Amino acid sequence: QIIICGKCGEVFRRVHWNNRGKKSIVWRCVSRLENTGLFCDARTVPESQIEQVLVTAINQTLCDKDSFLTTLRDNIAAVINRESDKALADIDKRLEELQTELLKLATSNADYDKVGDEIHRLRDQKQKMQLESANRDELKKRMADMSTFLKKQSTALAEYDEQLVRRLIEKVTIYEDKFTVEFKSDVMVDVEV
1 QIIICGKCGE
11 VFRRVHWNNR
21 GKKSIVWRCV
31 SRLENTGLFC
41 DARTVPESQI
51 EQVLVTAINQ
61 TLCDKDSFLT
71 TLRDNIAAVI
81 NRESDKALAD
91 IDKRLEELQT
101 ELLKLATSNA
111 DYDKVGDEIH
121 RLRDQKQKMQ
131 LESANRDELK
141 KRMADMSTFL
151 KKQSTALAEY
161 DEQLVRRLIE
171 KVTIYEDKFT
181 VEFKSDVMVD
191 VEV
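Residue numbers (this note's numbering): 1 to 193.
Derived by calculation from the structure, the hints in this document are not laboratory data.
One thing to keep in mind: the hints can contain errors.
[Said to hold, decoys possible] Here are the computed lysine-lysine pairs in the PhoX-like style, where the Cα-Cα straight-line distance is at most 25 angstroms:
1. K128 - K114
2. K184 - K151
3. K140 - K152
4. K171 - K7
5. K171 - K151
6. K65 - K171
7. K140 - K128
8. K152 - K184
9. K140 - K65
10. K128 - K141
11. K128 - K184
12. K140 - K126
13. K152 - K65
14. K141 - K126
15. K93 - K128
16. K126 - K114
17. K104 - K114
18. K93 - K114
19. K184 - K141
20. K65 - K151
21. K152 - K171
22. K184 - K140
23. K184 - K7
24. K178 - K7
25. K65 - K184
26. K141 - K151
27. K171 - K184
28. K93 - K126
29. K171 - K140
30. K178 - K65
31. K140 - K151
32. K65 - K141
33. K152 - K141
34. K141 - K171
35. K104 - K126
36. K93 - K104
On a predicted model such as this, the values are computed, not experimentally measured, just so you know.
From just these sequences and the hints, can you work out the full model?
Here's what the structure looks like:
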């Protein structure tokens with residue numbers, strides 16, 4: 001999972017610390033560990049605190065399950081409404097028309113640069129829309145996964161579960177006074193420190 005610094009935007013890195021004979025695992029902003037060209041005075045966070053924050057964030061979604069399920073349904077509806085199947089069909093139809101026109105122009109030795117440019121522009125647009133469609137499908141899958149988890153999970157988490165966190169959490173942003181946990185389903189939860 002990705003842990004991001006809320007001050008400078010760099011990633012946090014897991015570090016084994018040996019502080020006055022006491023060993024511990026902490027997370028620190030990479031700009032404090034390496035020369036990244038950025039100055040950052042973000043705090044060092046014990047791994048146990050990050051784990052507790054993640055458990056708290058997941059439990060908040062479970063405690064307010066109905067609200068989160070409503071948000072997920074709204075998010076899924078918004079993603080579906082952005083679908084551009086009709087637009088893709090329109091582009092395909094227009095490409096066919098232009099290719100026919102291009103053939104006519106080529107056989108009559110006419111200037112066909114304008115038509116060729118339009119074909120290239122439409123192909124680029126089609127490729128971009130297909131990529132967006134694939135991204136939407138992935139987002140819908142992640143939202144459905146979160147929805148399934150919320151419906152099946154009947155009790156709050158008692159302890160940190162690495163596999164569950166990897167399945168549900170997209171990233172964690174660490175600020176001075178809070179953690180913002182972003183789920184893969186586009187739901188965000190703030191956990192105060």
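Agreement of K184 and K141 with the hint, judged by alpha carbon distance not exceeding 25 angstroms: holds (10 angstroms)
Holds or violated: K171 to K140, with C-alpha atoms at most 25 angstroms apart: With a Cα-Cα distance of about 18 angstroms, the restraint between K171 and K140 holds, given a limit of 25 angstroms.
Pairwise hint evaluation, K171 against K65, where the allowed Cα distance is 25 angstroms at most: holds (20 angstroms)
Restraint check for K104 with K114, where alpha carbons must lie at most 25 angstroms apart: holds (14 angstroms)
Restraint status (C-alpha distance of K140 to K152 at most 25 angstroms): Holds. K140 to K152 sits at ~18 angstroms (cutoff 25 angstroms).
Pair hint K93 and K126, alpha-carbon separation not exceeding 25 angstroms: Between K93 and K126 the Cα gap is close to 12 angstroms, so the pair holds against 25 angstroms.
K140 paired with K128 [C-alpha distance capped at 25 angstroms]: Status holds; Cα separation ~18 angstroms.
25 angstroms limit on alpha-carbon distance, applied to hinted pair K171 and K184: Cα-Cα ~8 angstroms, so holds.
Pair hint K184 and K7, alpha-carbon separation not exceeding 25 angstroms: holds (22 angstroms)
Satisfaction of hint between K65 and K178, Cα-Cα up to 25 angstroms: holds (22 angstroms)
Pairwise hint evaluation, K126 against K140, where the allowed Cα distance is 25 angstroms at most: holds (21 angstroms)
Proposed proximity, K114 with K93 (alpha carbon, max 25 angstroms): holds (18 angstroms)
Of the numbered hints given earlier, the model fails none.
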